[in-house]
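Engineer: Please put together the full structure from these sequences, using the hints given.
So the protein sequences, as listed, match chains A and B. Residue numbering for the first sequence follows the numbering used here, beginning at 326 and increasing consecutively. Residue numbering for the second sequence follows the numbering used here, beginning at 1111 and increasing consecutively.
Think of the hints as simulated: they come from the structure by calculation, not from any bench. Honestly, I wouldn't trust all of these hints.
Stated by the list, open to error - With a cut-off of at most 25 Å between alpha-carbon atoms, the simulated DSS-like pairs for lysine-lysine come out as follows:
no.: 1; chain 1: A; residue 1: K628; chain 2: A; residue 2: K644
no.: 2; chain 1: B; residue 1: K1269; chain 2: A; residue 2: K509
no.: 3; chain 1: A; residue 1: K887; chain 2: A; residue 2: K939
no.: 4; chain 1: A; residue 1: K483; chain 2: A; residue 2: K509
no.: 5; chain 1: B; residue 1: K1404; chain 2: A; residue 2: K483
no.: 6; chain 1: A; residue 1: K938; chain 2: A; residue 2: K644
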Amino acid sequence: MPALPLPADPERELPDPVDRLTRRLKAKYAGRICAELTLPARLAQTGPLPAGLDERLLRALQARGIHELYAHQAEAWRLAGEGRHFVVVTPTASGKTLCYNLPVLQAVCNGQGKALYLFPTKALAQDQVAELLELNRAGELGVRAYTFDGDTPGDARKAVRTRGDIVVSNPDMLHQAILPHHTKWAQFFENLQYVVIDEMHSYRGVFGAHVANLIRRLRRILAFYGAAPQFVFCSATIANPVELATRLLGEDVAAVTRSGAPQGERRLLLWNPPVINPDLGLRASARSQTNRIARLATRLGLKSIVFARSRLMVEVLTKYLKDVFDRDPRRPPRVFAYRGGYLPTQRRETERRLRDGSIDCVISTSALELGVDIGSLDVCVLNGYPGSIAATWQRLGRAGRRNRTSLGVLVAGSEPLDQYIVRNPEFFLGASPEHARIDPDQLLVLLDHVRCAAFELPFHADERFGSRHPLGQFLQYLGDEGVVHREGDTWHWATDAYPANAVSLRSVAEGNFLVVDQDHDSRQVIAEVDFSSAPETLYPGAIYMLQAAPYQVESLDWDGRKAYVRPTRADYYTDAIVYTRLKILERFAEQATAQASVAHGEVHLVRRFAGYKKIRYYTHENIGYGNINLPDQEMHTTSAWWEIRPGELERALPSRQMALDGFLGAAYAMHHVAALQMMSETSDLGRAVGDGDGRWFATQGANGRGQMRDVSGEEIAPDYQGAFRPAVFLYDNHPGGIGLSEPLYARQAEVVRGALELVERCDCRYGCPSCVGPVLASDEERGYSPRALAATVLGLFAAGVDRLRRSA
Amino acid sequence: MNLAGRLDRLRGRPAEVTPDTLARQLQRLDGRRTAKTASPPRIDTLARALQLQVCGDALLLCERQYTLPRAQHPLDLTMLPEVHGLADPDWVYLDTETTGLSGGVGNLAFMVGVARYTDAQTLAVRQYLLGSFAAEAAMLRDLVSWVGRDAVLVSYNGKCFDLPLLGARCAMQRVEDGLGGLRHLDLMYTVRRAYRRHWPDCRLQTAEKRLLDLHRAGDLPGSEAPAAWQAWLRRGETVPLGDVLQHNFQDVASLALLHHGLLRDYAGHGEAPVDHAAIGRAWQQAGHEPLACKVLEAAGVHLDETGVLQLAALYRRRGEWARAEALWLQLHAGGSALAACELSKYYEHRRRDYRRAMDFAAVCETSERRARCGRLQEKIGSNLSLPLVPG
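Structural biologist: As structure tokens, then:
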């Protein structure tokens, strides 16, 4: 692609610090840079402001320096005029918001109607109102735009409901506060002309299934008030925006996908940490490389953002960078952490500092991936592949918003996906982004929302609720529980409860944990942790990190959902050891060959928290263990699983120990490939090796070898057990499943083949974190290679489905 | 496996495989026919059991009279700050029993009790009971028309609970909400103001015990009302609903008794421990200063610092300076800095005795003292040559 000339920019004449950084990195670390990509600057495609625009609105736009529209904004205006539902998919900072603000403000100015904006988080909603108010002021439009969220004071809520032209809220608020009180909103709903759903790509997985059902509920209430507004969706780049919008809405949606906005030049480096132990295929950690790049950028006076994949890694990186840049407590801090779990006020404060440029480096989880306005940054460092191509571009987009050259560096971790991507840069650079999947008919999610909807309006027996399941059975089920009561053809809410309170949109299980600092007399809540990650992070003895300050968990009140912590001065962090065993409950489908079989169905899963490791900072050595006394976590979910026929297994892998090692290695590779195929985070899928009856499961022991453990978690000798039928399970890591295992089963051949390629083509000798998982030095003495064993297992899995390839 | 079984398993419940679920499964296949025969005939049973009139399909009605126990009619029921000055109001007492207590549009009032005076001592009490969901619209329409457009509603916590709930249900049933716009005396606020600092809580039952010496025997707690209606819906039980009917009748009667019972303390005649200062303030805000004065004076030694200051302020406004000064001095002797401030102002502006004003100013709160003392110092300096005029 030929580079387009950049528009004249006086700053370009000066030595560009981003250039300097890039040059220095390339000179010093040429061997670590696997690929370099320059996305040339792009010129704007524009058209005139549309005829028929309200005059006040015209003035407002001109006052803000807008004299023409980008092509995508003009297209959105046209679709809005035709009364269609549509979805806008363009990059960060392309003027997406005007695509909906323009038709909405036009409608409000003409007195034709009101609009509801939904953003996934409160922070984004507040940003949006600030922007609307600026336009409003510029044109003296007299449009009343208010946020309505948990922070809206009680006495202001009435004014929002009755006087607001544009109400900006979030799905949780719609779910818990607006719909269950819809009569208070009658006037607003009757006049509703637009519903705007921004950051649509974040509504996938469980959250997406909830939001789809929430939209069903909203439209049901709107129909009651005789309103049928247009829906406008906005999304970052994903492969299937139209499909996602259509599934969320349950109706056809038009698309605006070509951006007419200009963009500054962007550079991207793919960075692989150097190999430090060639025998084991061990590379330096991504963390050390990220740390180095961020340090250099900060020293050069550049503003940078570092994305880490876990909250723990955010805290670890923040500590390391603060140790360098914030040693002097008398100076204002330059390095900040930002992640979910911090209290809203802390986050707002960090956002404000980012906008006014007083932060030099921010370390974040995906929390900053969305469109929170954080001003202009120069450098974006990704500590590890974010798990999907869409998320990678979304995060890289946080640097270089304002027509300036920017640099992104993707630092590969040792995980198979990361290594696959840096070694095959053409795959990454050429690939289309992933599909976002939701299953609005996930049984438990649907049941929750049928319950909430019954509270909001009685159900008629024939009502469909947009679902493929016949609703009658759900209502009958709820009727048997005494939740609803049938009278003639109508089901009425019939119990003393407020159902929305018991349903959290962000998870299938409910109840966040509060982290309480009991060091002060007034116990202070310092963070929140969601239910599913609580057992792994808040066990007594755990080190909980907040802005890189360590707190030790002293006690955990499981039923009260509270963890009591105290500041500590530990020089280590903790990591939980989790055992998982599964029992197959029902097979939905199965394919078998002469060698192997694959199936998917419902499973019962038990997770045991066996203990935790203490890991010292900087050296990362293991300095001790502790016990975790938590109840086992049980979950029903769906899974796909692979088995080898007993005779074949014994023929190919003479000892059970070898079979365990082979299955564990194969599971490791398949887990990562499956996550790539499914556009899910690796944490949305779980993996396990065991038999299908939950009698035993396999883990990797401290010596790096597979161990067989029984129901109570005790190690047992593989050779002294009865029947031996190991299976690899890849399960949907959410209660009830969110619809991952069925497509996984459908694409099982690709998963097995991809994993086999990964293992066969790896550069290591016996196995490494990039193919079958970490292998210890002593493995050379094992007499066999875990990598070869995994390849054998995968070969058998693949044999039937791909006989041609094996014989070739 | 059927849907119910899968849902049970996903939610971690043991799936029951009993003949009963099988029967229900069959019913499910042929749902509509079986459901139609389920409920209608039972309305008559309910009406008979509770001796109610059937009115429309499934709306039940109970009309009774309630005679106030003592001759209380000479009392003027508008003598509360909230309703002071209303001319011959059409009082309507109202209380609801609802299917849920947590708010939101899914809860409805399955019973509404209303009452109005037929003469000074007699109330006509009208109670509606829903025999089924279908009767709700008819109930709301009849209720709105019976209450009328000129009534003054009297409730206990009706502003936050009963009225918004009825308003929401009117919207759901598309019945014009004639109640939301009416004048409304919520006795909970009246009670809270007067007794919050003296009672452990301000529930209706507490007010009955403390003000009316009324102790309900065998009364169904209001929180059990939702379960009583569910018992009727699901199992056709009529006894619990009978208890709710009695409870609701008692609530409505209590509203009238309480309305009367509050007048004594608000007029300054009561003996109960009461927050006189708060009542005085309410009367003053309602524009009735003589009553404010009377209540505060009646309190005598029970009046706290705020109350005495308030009374003194009332005297000051009326120009009764000597009485005001006496109160301030009495407070000052007890060590009140606020009273010292008042005295300082009084001596500075009224008596023009700057030296005494200075003495009092020295005890004032810090920031005010600095300003006042500075100013007084100047005045003392410039007026030294002038004779000090005693007041």
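Engineer: Evaluate each hint against the coordinates.
Structural biologist: Verification of the supplied hints:
With a C-alpha separation of about 18 Å, the suggested pair A:K628 and A:K644 falls inside the 25 Å cut-off, and the hint holds. The suggested pairing of B:K1269 with A:K509 holds, with an alpha-carbon distance near 15 Å, which does not exceed 25 Å. Our distance criterion of 25 Å between C-alpha atoms is met by A:K887 and A:K939, whose separation comes to about 23 Å. Note on A:K483 and A:K509: the hinted pairing holds, with a Cα-Cα distance of about 8 Å set against a maximum of 25 Å.
Proposed proximity of B:K1404 and A:K483 is contradicted: the alpha carbons are some 39 Å apart, above 25 Å. About 20 Å separates the Cα atoms of A:K938 and A:K644, which keeps this hinted pair within 25 Å; it holds.
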